[in-house]
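Asks: Given the sequences, and given the hints that come with them, work out the whole structure.
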Amino acid sequence: MRAYHDDADRKRILIRRAEAAKARLAFVTEAMRRLISDSEFKGVLEEEGLISLPETLATRLTAERGRQNERP
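Residue numbers for the sequence shown follow our numbering, so the first one is 1 and each next one is one higher.
These aren't lab readings, by the way, just hints derived from the structure by calculation.
Keep in mind the model is a prediction, meaning the values are calculated, not measured.
The C-beta atom is built at its ideal place from N, Cα and C for all residues, glycine as well.
A portion of the hints provided could be inaccurate.
[Stated by the list, open to error] Estimated spans, in silico, between C-beta atoms of each pair:
1) PHE27 x GLU48: 36 to 44 Å
2) SER37 x ALA3: 49 to 57 Å
3) ASP9 x GLU48: 44 to 52 Å
4) ALA8 x GLU40: 45 to 53 Å
5) ASP7 x GLU47: 48 to 56 Å
6) ALA58 x GLU19: 24 to 32 Å
7) ALA63 x ASP9: 31 to 39 Å
8) HIS5 x SER39: 53 to 61 Å
9) ALA8 x ALA63: 27 to 35 Å
10) LEU50 x MET1: 52 to 60 Å
Replies: Encoded structure:
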């Protein structure tokens, strides 16, 4: 029985960590989406020669924008 409780505790901790990571990812994604939509920020990036995003980040930003447009 002790092993069961220990395993359940480990899984609870793992779930809490995963939820915290998911919340941080959502925060960073939203922050990046807002920055990328800011024309002045875009200008600074272009001046510095930073005109592309990693594909996974661009995909995530596009997916987040699509989900927001679906909400009532």
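Asks: Looking back at the numbered hints, which does the structure fail to meet, lowest number first?
Replies: Hint 1 contradicted; others consistent.
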